[in-house]
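There are 2 protein chains.
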Amino acid sequence: MNDKRAPTGATREALLCAGREIFARRGYDGASIREITRRANANLGAVTYHFGGKRQLYHQVLASFAEPLGARLARAPSDPAPPLDQVSAILGEFFGALLEQKDLPALMLHELALNKPAPPPVRRTMERVFGLLLDQIRSGQEDGSIQAGPPAVLAMNVVAQPIYVALLRHRLKDVFGLDVGDPAFRSAVVTHTTAFVRRGLSAGDEA
Amino acid sequence: MNDKRAPTGATREALLCAGREIFARRGYDGASIREITRRANANLGAVTYHFGGKRQLYHQVLASFAEPLGARLARAPSDPAPPLDQVSAILGEFFGALLEQKDLPALMLHELALNKPAPPPVRRTMERVFGLLLDQIRSGQEDGSIQAGPPAVLAMNVVAQPIYVALLRHRLKDVFGLDVGDPAFRSAVVTHTTAFVRRGLSAGDEA
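Those protein sequences? They're chains Y and V, same order as listed. In the working numbering, each residue carries its 1-based index in the first sequence increased by 56. In the working numbering, each residue carries its 1-based index in the second sequence increased by 56.
Bound-form chain Y, shown alone (with noise of 0.2 Å):
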């Protein structure tokens, strides 16, 4: 029984693997569970055992990048810490999340471009994110240290930054040759844009 275990969980993962890369390249419509499970090294039928269909292995897939993202940057903020610092520490998490994972931007183009309703483990991860931010927005906004305004749109504006990098980040190295694969220039982006981030959310000066 238990060499039967071993392989089967093996599998599982290979088909998880070759789902994301598969799908990071293609987009939902255009992966084929075909190309999927040869580049997995298994059977034609592995989807449907392992995950039920090409749908469920798709949010299984959504679900591999959107949960450890949604907990790393719940991990970021130490609770003493004011809410400005905070908010800083979860933005250095969420560039750390979306740059370190090759296949993760072409999945969210891929994914957006569909413009079908958020699948469950998206919708998750962004109210996740989202709650976050709107928490520490509102206490800044109580104890006076950021600056007033609506919440969502404050929060959107401190998300911005991060998806926009990952999102046009070929474009950015193809065009103008900022690479924020080279470490010296994602670290001037992340410490720049983090200092942007605080001045335009400080109801004081950060200047």
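Wrong hints could be hidden among the right ones.
For identical chains, the list gives no copy identity; a pair is met inside one copy or between any two copies.
Below, in silico cross-link-like pairs of lysine-lysine (DSS-like), each with a Cα-Cα straight-line distance of 30 Å or less [said to hold, decoys possible]:
1. LYS158 <-> LYS172
2. LYS110 <-> LYS172
3. LYS110 <-> LYS229
Worth flagging that the hints you see were computed from the coordinates, not collected in a lab.
Place chain V on chain Y using the hints.
Relative to chain Y, chain V alone:
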């Protein structure tokens, strides 16, 4: 001769309109000449006749969005105004240009997801818009009104805002009920985001 020229221009225009819609819905690879010509009420050879082929029609479709956008942003700054005011004007026009064109965000998402070098009309417009912002950021750094820091990163920080709102538009509505199609919310986004960006760039006290 005159009665030939008019319908020829009309067919070309109809193909361009159909192309905008079909490429935005299905992306470059998913769009078929058959669907585009049928939608334009033209014969199957019309794309080759008027544009040379699918790729050339696609580039014309991209140019039909990108070139007016670049021209609109270039007209925004009125030269004697201070750099921060000029950046605000460019940002306002950028929001307008992206949010008023129904098919543009979907087309951008598909274009980015292709993960190919930027087609010429996209490259030209990116260079033009970035160039406008870099000029203002550098002159603001010279006159002391804008923060020190790499001008390219500050330009990315500005551009990130309207691009994020355009690309995530449907998802923000779907997940959070934040609808930039609603004039009151759109106006709040533009007003508060412009204030956020001004504080983010400003070397002085914009609070």
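So, going through the hints one by one against the coordinates:
1. Proximity of LYS158 to LYS172 under the C-alpha cut-off of 30 Å is found in both arrangements, the shortest distances being 24 Å within a copy and 16 Å between copies.
2. Taking identical chains as interchangeable, the C-alpha atoms of LYS110 and LYS172 lie at most 30 Å apart whether they share a chain (16 Å) or sit on different chains (26 Å).
3. For the identical chains of this complex, LYS110 and LYS229 are inter-copy neighbours only, at 26 Å across copies versus 33 Å inside a copy, given an alpha-carbon limit of 30 Å.
Violated hints are absent here; each numbered hint is respected by the structure.
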